[in-house]
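**Student:** Be aware that the sequence shown starts at 1, since it is given in the UniProt record's numbering, and climbs by one per residue.
Be careful, since some hints might not be right.
[Said to hold, decoys possible] Derived Cβ-Cβ restraints for the label pairs, each shown as a range: (1) D267 - A57: 27 to 33 angstroms; (2) N323 - V263: 52 to 58 angstroms; (3) K177 - L198: 43 to 49 angstroms.
If you are wondering where the hints come from, they were derived from the structure by calculation, not from laboratory data.
Note that CB positions come from ideal geometry on N, CA and C, so glycine has one too.
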Amino acid sequence: METVEGVVIVGAGSVGLLTALKLGRAGIRVVVLEARAGISSSLHAAAFTPTTMAALADEGLLEEVRKRAVMCPDVAYRHSDGTLIAKMDCDVLAPDTDYPYLLLLGQNHLCGLIAQQLGALPNVEIRWNHQVEEVVQDDACVTLQTRGPGGRTQLRSRWVVAADGANSSSRDQLGLKMTGRRWPERMVAVDVFYDFTLHEYSRANFIHDPLDWAFIVQLDQSGLWRVCYEENSSLSDVEIRHRMPERLQRLLPGAPTADQYRVEQLDLFQVSQRCVKDLRRGRVVLAGDAAHVSNPMGGLGLSGGVQDASLLGQALIAIINENAAPSVLDEYSLSRRKAFTAFTSKASTPWFTWMKEGGRIQRARDLALLEKAGTDRAVMREFLLDFEQFNGRRSRSLTSRVKLIGEVVKQSLHHALRSTSGFAMELWERACSRKDSRTPRSISHRE
Numbered sequence: 001m002e003t004v005e006g007v008v009i010v011g012a013g014s015v016g017l018l019t020a021l022k023l024g025r026a027g028i029r030v031v032v033l034e035a036r037a038g039i040s041s042s043l044h045a046a047a048f049t050p051t052t053m054a055a056l057a058d059e060g061l062l063e064e065v066r067k068r069a070v071m072c073p074d075v076a077y078r079h080s081d082g083t084l085i086a087k088m089d090c091d092v093l094a095p096d097t098d099y100p101y102l103l104l105l106g107q108n109h110l111c112g113l114i115a116q117q118l119g120a121l122p123n124v125e126i127r128w129n130h131q132v133e134e135v136v137q138d139d140a141c142v143t144l145q146t147r148g149p150g151g152r153t154q155l156r157s158r159w160v161v162a163a164d165g166a167n168s169s170s171r172d173q174l175g176l177k178m179t180g181r182r183w184p185e186r187m188v189a190v191d192v193f194y195d196f197t198l199h200e201y202s203r204a205n206f207i208h209d210p211l212d213w214a215f216i217v218q219l220d221q222s223g224l225w226r227v228c229y230e231e232n233s234s235l236s237d238v239e240i241r242h243r244m245p246e247r248l249q250r251l252l253p254g255a256p257t258a259d260q261y262r263v264e265q266l267d268l269f270q271v272s273q274r275c276v277k278d279l280r281r282g283r284v285v286l287a288g289d290a291a292h293v294s295n296p297m298g299g300l301g302l303s304g305g306v307q308d309a310s311l312l313g314q315a316l317i318a319i320i321n322e323n324a325a326p327s328v329l330d331e332y333s334l335s336r337r338k339a340f341t342a343f344t345s346k347a348s349t350p351w352f353t354w355m356k357e358g359g360r361i362q363r364a365r366d367l368a369l370l371e372k373a374g375t376d377r378a379v380m381r382e383f384l385l386d387f388e389q390f391n392g393r394r395s396r397s398l399t400s401r402v403k404l405i406g407e408v409v410k411q412s413l414h415h416a417l418r419s420t421s422g423f424a425m426e427l428w429e430r431a432c433s434r435k436d437s438r439t440p441r442s443i444s445h446r447e
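Put together the whole structure using the sequences plus the hints.
**Tutor:** As structure tokens, this is what we get:
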């Protein structure tokens with residue numbers, strides 16, 4: 001049996017690799033176990049928001065991401081026929097953040113970049129084709145039963161990070177269940193080569209329509225775009241694929257036929273808003289989609305996962321290198337669940353329903369708001385800063401709610417770490433407060 005004097009991370013997605021990078025740079029031995037043969041080709045989570053960019057800047061990754069990404073200076077809202085309702089210029093947020101724009105890049109590119117950085121660290125190892133089949137722990141360590149190219153092996157480590165995605169086998173092994181909401185609708189994500197810019201589309205576009213609502217976003221510099229739309233849950237996978245050309249002809253500007261674009265891949269998924277009750281079970285700690293899943297409309301999945309990696313990495317560094325009490329992991333669990341239930345979930349859920357609003361009166365109000373925000377920059381800024389409050393879906397300001405979460409989390413983390421390093425406060429202040437020294441403020445439907 002092999003013993004890892006450090007941390008074993010299950011999952012080589014962006015959250016697992018970013019956690020490994022943070023730990024590895026602190027001199028901690030890290031072994032990453034990944035069931036796939038290499039970095040996933042999936043392009044999940046294309047949008048890098050101000051909070052995400054700030055966290056990547058802290059890790060020295062932002063400039064490399066910027067070189068590979070597509071700069072997105074505005075977000076367009078359109079009718080189903082493609083006509084423009086309004087365009088929101090991100091530069092109105094310049095007083096509120098150092099990053100008044102979005103960066104668009106598939107997560108596979110981010111994972112490749114981090115993997116390159118990890119290759120320079122002799123204390124970090126990624127083991128591809130290693131499936132974790134069993135997780136057993138006692139008071140002293142965790143034992144992982146794995147299956148790899150050489151057969152079954154066992155690994156022991158004091159700490160394990162489960163970052164193996166929404167269908168986490170590690171989470172199942174621990175008996176942790178997700179609770180929350182699962183929508184019956186199925187989402188279709190089509191990655192397609194088509195020149196939307198010829199039709200004056202922005203790099204990020206939201207189609208506001210009761211039937212043909214969708215979002216269309218550029219994924220990388222190669223000219224690949226994602227078109228994401230809803231399908232009836234009663235349809236089979238075969239039927240959904242068969243209907244795809246018809247749906248794309250309705251959604252793509254210029255109504256192209258199938259020979260006028262090239263589909264790279266098609267993914268089907270169900271929309272969920274769920275989280276585990278506890279992100280820690282003994283010496284195993286969950287992060288990213290293994291801990292919480294969010295519907296993609298609000299763009300909060302990657303942001304939450306990056307913050308998980310940063311906070312959890314700093315917590316484990318404090319425990320391993322600075323002899324902090326393991327209870328700091330309980331504070332990590334509490335704070336990340338608070339962030340999801342009180343902010344992420346409440347911000348993302350109305351965004352999902354708002355896009356396909358069918359009520360005549362409410363839809364008229366929504367369109368009037370968009371048109372006003374598109375022509376009045378003061379209104380535009382308020383719209384981008386506080387979508388949920390301004391849209392009237394909630395009676396309480398999202399801004400005040402986020403500030404409240406920030407105060408609760410800061411107090412609990414300060415209490416847990418006052419004898420150690422006080423980790424994570426800078427990132428939480430960045431994510432949960434308004435501009436103090438030009439740090440990003442929470443942007444409800446995009447961060």
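**Student:** Per the hint of 52 to 58 angstroms, is the separation of the Cβ atoms of N323 and V263 within bounds?
**Tutor:** holds (54 angstroms)
**Student:** Quick one: are K177 and L198 within 43 to 49 angstroms, going by C-beta?
**Tutor:** holds (48 angstroms)
**Student:** Could you tell me whether the CB distance from D267 to A57 stays inside 27 to 33 angstroms?
**Tutor:** holds (30 angstroms)
The structure is consistent with each of the numbered hints, conforming to all of them.
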